[in-house]
Amino acid sequence: MESSIEPGVEARIGEWRSYLLRRQALAGADIDELEDHLRSEMSELGAAGLNGEESFLVAIRRMGGVHELSREFARERSSRLWKQLMLGGEGAGEREGTNYRGIAITVGIAAAAALAFKAPAVFGVNPFVDSGSEWDASFYARNAALLALPFLVGFFAWRRALPARTVAALLAPFAIAAVLVNAYPFDQGGDTEILAMIHLPILLWLVAGVGYLAGDWRRSGPRMDFVRFTGEWFIYYALIAFGGGVLCAVTIGIFQAIDLDAEPVVAQWVLPCGAVGAVIVVAWLVEAKQSVIENMAPVLTAVFTPLFALMLVAAIVGMVASGNLIDADRDVLILLDVLLVVVLGLVLYAISARDPDTRPGLMDGAQLVLVVSALVIDVLALAAIVWRISEFGWTPNRTAGLGLNVLLLANLAWTAWLLTGFWRGRRTFAELERWQTGYIPLYGAWAAAVVAVFPLAFTFE
Amino acid sequence: MQAETDSRIGKDLVAASAMPLVLAILNEGETYGYAILKRIQELSGGAMEWTDGMLYPLLHRLDRLGFVEARWDSPENGRKRRYYRITPAGSDALQEQRRQWDVVAGTLRNAWRSFEAAMAPMTPVVVG
Numbered sequence: 001m002e003s004s005i006e007p008g009v010e011a012r013i014g015e016w017r018s019y020l021l022r023r024q025a026l027a028g029a030d031i032d033e034l035e036d037h038l039r040s041e042m043s044e045l046g047a048a049g050l051n052g053e054e055s056f057l058v059a060i061r062r063m064g065g066v067h068e069l070s071r072e073f074a075r076e077r078s079s080r081l082w083k084q085l086m087l088g089g090e091g092a093g094e095r096e097g098t099n100y101r102g103i104a105i106t107v108g109i110a111a112a113a114a115l116a117f118k119a120p121a122v123f124g125v126n127p128f129v130d131s132g133s134e135w136d137a138s139f140y141a142r143n144a145a146l147l148a149l150p151f152l153v154g155f156f157a158w159r160r161a162l163p164a165r166t167v168a169a170l171l172a173p174f175a176i177a178a179v180l181v182n183a184y185p186f187d188q189g190g191d192t193e194i195l196a197m198i199h200l201p202i203l204l205w206l207v208a209g210v211g212y213l214a215g216d217w218r219r220s221g222p223r224m225d226f227v228r229f230t231g232e233w234f235i236y237y238a239l240i241a242f243g244g245g246v247l248c249a250v251t252i253g254i255f256q257a258i259d260l261d262a263e264p265v266v267a268q269w270v271l272p273c274g275a276v277g278a279v280i281v282v283a284w285l286v287e288a289k290q291s292v293i294e295n296m297a298p299v300l301t302a303v304f305t306p307l308f309a310l311m312l313v314a315a316i317v318g319m320v321a322s323g324n325l326i327d328a329d330r331d332v333l334i335l336l337d338v339l340l341v342v343v344l345g346l347v348l349y350a351i352s353a354r355d356p357d358t359r360p361g362l363m364d365g366a367q368l369v370l371v372v373s374a375l376v377i378d379v380l381a382l383a384a385i386v387w388r389i390s391e392f393g394w395t396p397n398r399t400a401g402l403g404l405n406v407l408l409l410a411n412l413a414w415t416a417w418l419l420t421g422f423w424r425g426r427r428t429f430a431e432l433e434r435w436q437t438g439y440i441p442l443y444g445a446w447a448a449a450v451v452a453v454f455p456l457a458f459t460f461e
Numbered sequence: 001m002q003a004e005t006d007s008r009i010g011k012d013l014v015a016a017s018a019m020p021l022v023l024a025i026l027n028e029g030e031t032y033g034y035a036i037l038k039r040i041q042e043l044s045g046g047a048m049e050w051t052d053g054m055l056y057p058l059l060h061r062l063d064r065l066g067f068v069e070a071r072w073d074s075p076e077n078g079r080k081r082r083y084y085r086i087t088p089a090g091s092d093a094l095q096e097q098r099r100q101w102d103v104v105a106g107t108l109r110n111a112w113r114s115f116e117a118a119m120a121p122m123t124p125v126v127v128g
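Chains L and P are the protein sequences, given in the same order.
Read in order, the letters of the first sequence are residues 1 to 461 in our numbering.
Read in order, the letters of the second sequence are residues 1 to 128 in our numbering.
Hints in this document: simulated from the structure, not taken from any laboratory.
Do not take every clue at face value.
Here are the simulated lysine to aspartate or glutamate pairs, DMTMM-like style, with alpha carbons at most 25 Å apart [to be verified]:
(1) P:Lys11 <-> P:Asp63
(2) P:Lys11 <-> L:Glu68
(3) P:Lys11 <-> P:Asp102
(4) P:Lys80 <-> L:Asp32
(5) P:Lys38 <-> L:Glu44
(6) P:Lys80 <-> L:Glu134
(7) L:Lys118 <-> L:Glu134
(8) P:Lys11 <-> P:Glu42
(9) P:Lys80 <-> L:Asp36
(10) P:Lys38 <-> L:Glu53
(11) P:Lys80 <-> L:Glu44
(12) P:Lys38 <-> P:Glu69
Computed Cβ-Cβ distance ranges for the label pairs, DEER-style [as the list claims (entries may be wrong)]:
(13) L:Glu10 <-> P:Arg71: 26 to 32 Å
(14) L:Gly49 <-> P:Ala105: 37 to 43 Å
(15) L:Glu10 <-> P:Ala89: 39 to 45 Å
(16) L:Gly438 <-> P:Arg71: 54 to 60 Å
(17) L:Asp32 <-> P:Gly10: 31 to 37 Å
(18) P:Gln97 <-> L:Glu10: 37 to 43 Å
(19) P:Gly10 <-> L:Thr428: 21 to 27 Å
No residue lacks a Cβ here, since even glycine has one placed at the ideal position from N, Cα and C.
Turn these sequences into a full structure, and let the hints steer you where they fit.
Written out as structure tokens, the structure reads:
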């Protein structure tokens, strides 16, 4: 049965094998089995008169697409996915051994980020101790993202082998932001400072996203990849933060039992260093499982889209029934904005997870309800803000709320329109995807405006 | 077995019948992947076309469900090969599948009869 195969073809079989090996869904044994199949087919084709090269090509073609094959295997083996998670970067699988170099570099970058985050302590800026002043806390509030996220850019620069020019272009916004937030004479604890503190990480995260996409951020598809990455990153980070919290609490408890006070060490070192180091480690974890199909974000959006839709509808019914439209109270408005941002996040992840070629289903209906009810609430909130501004004048918070609500309103309105069109079969899902990805830079622009322009416009109050 | 663009039997139909077909072939005796595909070709007269690779995820599923047992063996030529054998649970599943397919086939036969009566001159070719 073993036909003599010429060395050139033998080499191509070897290439095919190593290509399959890189697919993490396939184990070495699976590939042995597929190779046995390939060789059986080839020897039969050879017996029928084809030469080695021809029979290899035909047999490969009959085997079917590697992509579909690994998807089928992955579906069969979903229990393996967590295991793969722990096994290094793109090429490394279990049969090649763990990718120690990749792990070492990742841990190195994470440690550097943690140290950089603690570096201000050398200059006496340390809000993590009881003696830390308010100015220390304010310094960290403004600079936390600036201390941590450059290392994420560095991580992507290593992973994507970015050219120095791209890295420099990515770090420029960090430098500008660092100058602005530290040179501006903010009123301590003032609104413009708090707004800058909230918006700066969003802006810098999007800048890091350009690094994630290796500079290819202009097209819709890659942008959606970054949305997906953000969703996964967020979920993993939450899980790790939860685990870390439990670990810290247990540590403090155990040391208390032996009459040692571990709290200062935990509060000063373990918590801040862990929180910053996790930014890098989580990015690496999400990267490591990139080639596997299972995502958690879609599952969570599938669970929460109907629930949020239900909640919003109930809220609207409640408002109408009780006659209490939105109270223009500041806390209520902030809560509503948070809610609307969460809704938009849900919509974005649901879109990123959806197969654009399938026909409208129940989930799209739930999404439409969610978007339309969010739109109604947004209009009510907007009316309340406008009323407050006309009554009491412009403040940083009201202006930020107004801008955010207008931004969300435009997005939600057109999303609702596109979803309705899709539901009726007049529009494709891809249009909705393009709309959402096209909108992302606007969030960045708005965040940049809040960080850079607001303090000037409102005299740092 | 020319893969994806299957002009003879629809993809969905091939997928639905894959499990009972593979179980029935294994019921004839222990065998391996390539031979299973050859046997399907033979049994269907070439009308059932598979993308070869897709057999293996299916075999893994049958293995996970406990319908087949797999073992590695090295025949005389030295190349490792994975052999599959049906288990008692697999035989039961095959029985059940057989019953269901009989119902489906019977229903279709009855339906064809009225169809044939309506379109008397055109006699559709029914395989099997």
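Hints and how they fare:
no., hint, in the structure
1, P:Lys11 <-> P:Asp63, "holds (23 Å)"
2, P:Lys11 <-> L:Glu68, "holds (14 Å)"
3, P:Lys11 <-> P:Asp102, "holds (20 Å)"
4, P:Lys80 <-> L:Asp32, "holds (8 Å)"
5, P:Lys38 <-> L:Glu44, "holds (11 Å)"
6, P:Lys80 <-> L:Glu134, "violated (70 Å)"
7, L:Lys118 <-> L:Glu134, "holds (17 Å)"
8, P:Lys11 <-> P:Glu42, "holds (19 Å)"
9, P:Lys80 <-> L:Asp36, "holds (7 Å)"
10, P:Lys38 <-> L:Glu53, "holds (22 Å)"
11, P:Lys80 <-> L:Glu44, "holds (18 Å)"
12, P:Lys38 <-> P:Glu69, "holds (20 Å)"
13, L:Glu10 <-> P:Arg71: 26 to 32 Å, "holds (27 Å)"
14, L:Gly49 <-> P:Ala105: 37 to 43 Å, "holds (39 Å)"
15, L:Glu10 <-> P:Ala89: 39 to 45 Å, "holds (41 Å)"
16, L:Gly438 <-> P:Arg71: 54 to 60 Å, "holds (55 Å)"
17, L:Asp32 <-> P:Gly10: 31 to 37 Å, "holds (32 Å)"
18, P:Gln97 <-> L:Glu10: 37 to 43 Å, "holds (41 Å)"
19, P:Gly10 <-> L:Thr428: 21 to 27 Å, "holds (25 Å)"
The structure fails hint 6 only (numbered hints given earlier).
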